[in-house]
Structures are given as C-alpha cells and as structure tokens.
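Heads up: the sequence lines are chains V and B, in that order. Using the numbering used here, read the first sequence as starting at 3 and increasing by one per residue. Using the numbering used here, read the second sequence as starting at -12 and increasing by one per residue.
Don't read these hints as lab results, they were simulated from the structure. Don't take each hint at face value.
If we take Cβ atoms under 10 Å as the criterion, some of the chain B residues that face chain V in the derived model are [to be verified]:
| no. | residue |
| --- | --- |
| 1 | 1 |
| 2 | 2 |
| 3 | 4 |
| 4 | 9 |
| 5 | 95 |
| 6 | 98 |
| 7 | 105 |
| 8 | 109 |
| 9 | 128 |
| 10 | 129 |
| 11 | 131 |
| 12 | 136 |
| 13 | 187 |
| 14 | 188 |
| 15 | 190 |
| 16 | 196 |
In this text, a Cβ means the ideal position worked out from N, Cα and C, and glycines have one as well.
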Amino acid sequence: MSAPVLSTRGLDKSFGSLVVAKNIELALPKGVRYALIGPNGAGKTTLINMITGMVRPNAGQIFLGEDDITRLEPEARVKRGLVRTYQINTLFPDLNALESVALTICERRGVAATWWRGLAGYREEADEAFEILSSLSLGSVCYRRTRELAYGQQRLLEIALALATRPKVLLLDEPAAGVPKDESAELFRAIAGLSQDITVLFIEHDMNLVFRFASRIIVMVGGRILVAGTPEEIAADPRVREVYLGEAGHG
Amino acid sequence: MADMTGTALAPQLYLQAQARWRAIEVAFWLATLLPFVLLPNYLVLASQIAITALFALSLDLILGYAGIVSLGHAAFFGLGAYTAGIISKFGWGEPLSGLLVASILAGTVGYASSFIIARFRHLALIMITLGLGLLLHEAANSAHWLTGGADGLQGVKIWRLLGRFNFDLWGYTAYAYSLIVLFLVFLVARRLIHSPFGLALRGIRENSVRMPAIGAPSRSHIRTVYTIAAVIAGVAGALLAQTTETVSLEVLSFGRSADVVVILILGGAGRLYGGLIGAIIYMVARDQFSGINPQFWYFWIGSLLVAVVIFLPNGILGGLAALAARWRSRS
Ligand SMILES: Nc1ncnc2c1ncn2[C@@H]1O[C@H](COP(=O)(O)OP(=O)(O)OP(=O)(O)O)[C@@H](O)[C@H]1O
Ligand SMILES: [Mg+2]
Chain V
3 MSAPVLSTRG LDKSFGSLVV AKNIELALPK GVRYALIGPN GAGKTTLINM ITGMVRPNAG
63 QIFLGEDDIT RLEPEARVKR GLVRTYQINT LFPDLNALES VALTICERRG VAATWWRGLA
123 GYREEADEAF EILSSLSLGS VCYRRTRELA YGQQRLLEIA LALATRPKVL LLDEPAAGVP
183 KDESAELFRA IAGLSQDITV LFIEHDMNLV FRFASRIIVM VGGRILVAGT PEEIAADPRV
243 REVYLGEAGH G
Chain B
-12 MADMTGTALA PQLYLQAQAR WRAIEVAFWL ATLLPFVLLP NYLVLASQIA ITALFALSLD
48 LILGYAGIVS LGHAAFFGLG AYTAGIISKF GWGEPLSGLL VASILAGTVG YASSFIIARF
108 RHLALIMITL GLGLLLHEAA NSAHWLTGGA DGLQGVKIWR LLGRFNFDLW GYTAYAYSLI
168 VLFLVFLVAR RLIHSPFGLA LRGIRENSVR MPAIGAPSRS HIRTVYTIAA VIAGVAGALL
228 AQTTETVSLE VLSFGRSADV VVILILGGAG RLYGGLIGAI IYMVARDQFS GINPQFWYFW
288 IGSLLVAVVI FLPNGILGGL AALAARWRSR S
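All chains, full assembly: derive it from the sequences and hints.
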C-alpha cells in the first residue's frame, strides 16, 4: 500500500480527568473512504479537532504526507489540503451561499486580502462558487441568506465550503446529522462520487450508510481505537457487537 | 450546471448589482451640498457632522463589518488631532500634508496595537481597547510640554487650504474641506466593503470559528482592517484640529469613544451609511437639545439609544431597510 496521506502517531488528549484520546494511531492512504464510528462521547469529534488544529493534543504527532503538521495553525493546514466539516452547522448566517463559497475560494486563491478591487471583478471565483453550489443542488438558493436555508441545505453548504478549499483530505463530522434518511443516502452518494484524489474520513452513526460507503471502518470507544478493519471484519467482531448491543439508542 | 431553475441572475451579474450605486445614495450626497445654500449659518455644525461621520465610518469598518468591538477608538482620532495640531504649532500648518502625516501616525499606532487586538474577542477586547484609550488619554494629559495637557494645545495655526481658501469664521472652507475628505474616504470604504476583503470581514463577524476552517487568516485580516480604521480615524481627528484650530484632551476621551459607538448603533452598524446617518441625527439633536437644556442631553440620547436597540436592533437604517423590503414585497 502507498504511503498514507494523513497519519497520526500516539495522539493523547484529556479534558481534566476525562481521557478523550489515548494513543491514537491513524493512517489514511490516498483516495480511501474510511468511516470513524463509536458511541456518543467516544472522542470522534475531538480527534478531528486535533487533526485540524482546533484542539491541541497533549502528546503525539500528526503527519500530512511526510510533513509533521502538529504545530501548524488550522488555516495553514487547510491551505495544505486538510479540511473538515462540522457536526453542528458552523456557517455564516448572514452571508448567502454564493458569498460563503466565493469567500472560501478567494481565500484559497490568496485574493481575500485585496480591498481595492471589487468582488464583481472576480468572475472565475464567482463562477466556480456557483458551480460547486449547483453540483450540490444549491444553485437555485445561492442568493438566499444562510440562516434562511432549510436545515438539509445548510448541511450541504457545510460540504460546499469544504469542497471550495480543494481538499486533499476531507474529514466529515456526521455530514448527515439530522437529515432525513432518504436525503442522507443522497448526500452520501455525493460524497462517494467525489474525485478519487480526495481522501475521506467520515464520522457516521447510521450503520447502513457506514457499511455501504466505507471501505474500512475505525471503531473508537472511550478515547481509544477499539478495532479497525473492513466492513466484514467489523461486522463479525464480537467486541464491536458488545459495544453496540450494550449501547442502545443511536444510529 | 445542474439546476438553473429559479436562479434569476448569473453570479457575476449579482455581485455587480450588489455594488452598484443606488439613486438614493446619489440623492444623499447631493443633499450634503444643501447646507451651503439653505443653512449657511450652520456650516460649522455641518463640518463637525462630516468629521463625526468620518470617525463613525472608520468604526463601522471594524465594529459593523468585522464585529470587533472597540471602546477606545478615540485613541486614533486624538492621535490624528494632536499630530495635525502639533505640527502646525511648530511651523507647518499646510492642511493636506498635515492630514497625511496625522493619518500615517495614527495608522502606525493602529498597526502596532492591532497585534494585540487580533488575539482577543468579546469582553477581553472591550477591556483592552478601553485600556489603551485611557492610557493614551493619560499620556497626553501628563505630556504637558507637548500637548498643553488639560489646558489644551495652544497656538494651532492652519494655513490656507491649497494656498487659497482661508478657514473662515462661517465654516465655508471647513465644511467644503471636511465634506470632500469624507466623500473621498467614503469611496474607498465603499470599494473595500464590496471587495473580497470586505467579504472576509463579514465572514469574521458572522463566524470567527469557521474562518480558519476555510483557510482564512482571520488575525491578519483583523490587523489590516484595524490599521485602515485607525488611519481613517486619524484623518477625522486631524480634520477637527485643522478646521477648529484647537485641540483639547476631549479628542482622546472615553466620552468620544463611547459617543461614536452610540452614533454607529443608532444609525445602523454594518451599513455603509449607518455612521453617516447616525452622526447627522446625533449631532443635530445635540445641537438642538443643548440649546434648550444642556444637562438633559444625555437623558434624551440615552432614551433614544434604548428605544433604538429595543425596537430597531439594526439601527435606524436597518429599520428603514426592513420597512422598504416589506413595502416592496407587498406591491
Ligand atoms: N472542550 C471540551 N472541554 C471539555 N470536555 C470536552 C470538550 N470537548 C469535548 N469534551 C468531552 O469529550 C468527550 C468526547 O467528545 P466528542 O465530541 O469528541 O465525542 P464524539 O465521539 O464526537 O461524540 P458524538 O457522537 O456525540 O458527537 C465528551 O464527553 C465531551 O463532553
Ligand atoms: Mg461528535
């Protein structure tokens, strides 16, 4: 197998006495679709926060390709192609969808600090923003303020923002959280259809979706990686069954 | 291009339409010329309004657009005023170069302090800007040899504008000068607001958590806008010093910092004309009320502020915009 695009070595994190990450070792080869699953509070979101630089680990390292990015600022990681979405919508309520995505593209292309030239002069950026939104069926609502979009549309905008950065590695934190079942499958089809150059790790509670779209599944429990394997291995693993049968109420 | 349905406009046309001059804007700027013919006795007041509007516009860039609250913005206004005043006292009273020097100095101090400002938000930011403002006020107070301290700066002498126009008692030159500077700076601010950078500022205001996740260097953006706002505030302060030929400690006071926040919130923060409308209403009202009963001025402005915040959370302009939108959707 090729060298991983993203890997972590011995990541530790605790909030006070609560251990949310203990010796986390990940390796994502290029172009894969991996799932990260685990009960509520297992530390999945915290792991994404650490990888993207929003939370500082107590110990361990994060590598993007060969480079140690453990100390890099979050925006610098995004510039290198390491991008996330949020479990809880983290959008720009008063900007419309086109503005939000255009802003992201302007940042990517390094023109967002330009204050002496009108935005209307950036035609390529605007067109690209519209294209991304259209590809996620948001073209018809792209001039509507984010706060006025339907919840499902806001979830799609989360992904649109991430795509506008041209990610190499995409970390999706429950992209379908709160979206009705039929829509969430559609959303995952869009994710599965992304360019094979993009490496994807997604967190998801719905096991049907996980088994359908992931080539490999990582199970996290209590801040540790319990087991990682192919969907078949995970389905057959008695420890995973125990965790999921012992814990009713999600999925 | 999967779905074009319901999309009336191509993105670029939409963005162009956003930045287009509206008839009401043209009318507004034409109306600023009216005092010359209709109210020649009020030109001094009009020039003070223009200067206050410029000061409020500078605050709008940081507070209204980027969401950076400052309770010490008078620091840059005062720096500009003292710089223009002091260089004229020491023999260089040419107004335009005085304006330039004052804005450079205010901008330099703004840039230096922006490194602190960019690291904080919310309450911490309010305290820091407040503290820096008080600090500068006290420094000017104790540097009596330079600033005249509490007695005010004596001996400010400004030359003719462009070597021709004397700063007359009626305020003709003062208002023309202030208005032209206000308009030119407004053009720059307007361009900035409709630029990619203006969009980034609104992004910071709307969600500073998301900004790094889309690869945006918020802190560097904040440093830039803070410096620009300091430059503009410095210009406003210098204008006041030059047109009144006096500088007192008041230009650095907490009262001036607080007033400009009030003005902006009254008019509508995050709207290009918010500070301008706010300045007109505030200054005219103060002029009228203080003629009747000066002690009660803050009683009335306090009531007005409470009423606006409760009933028009987006300021007077925000309320008008909502009204216009409702009227349009009904017709
Ligand atoms: N900033 C923080 N300070 C203190 N505790 C935190 C912080 N962030 C997360 N936690 C705690 O760490 C634990 C792991 O949280 P995390 O959000 O990573 O879980 P998760 O696996 O994403 O769960 P879910 O499936 O509910 O999203 C939780 O108990 C949470 O309350
Ligand atoms: Mg989570």
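For each hint, the structure was consulted:
no.: 1; hint: 1; result: holds (6 Å)
no.: 2; hint: 2; result: holds (4 Å)
no.: 3; hint: 4; result: holds (9 Å)
no.: 4; hint: 9; result: violated (15 Å)
no.: 5; hint: 95; result: violated (19 Å)
no.: 6; hint: 98; result: violated (14 Å)
no.: 7; hint: 105; result: violated (13 Å)
no.: 8; hint: 109; result: violated (18 Å)
no.: 9; hint: 128; result: violated (35 Å)
no.: 10; hint: 129; result: violated (37 Å)
no.: 11; hint: 131; result: violated (40 Å)
no.: 12; hint: 136; result: violated (38 Å)
no.: 13; hint: 187; result: holds (5 Å)
no.: 14; hint: 188; result: holds (9 Å)
no.: 15; hint: 190; result: holds (5 Å)
no.: 16; hint: 196; result: holds (6 Å)
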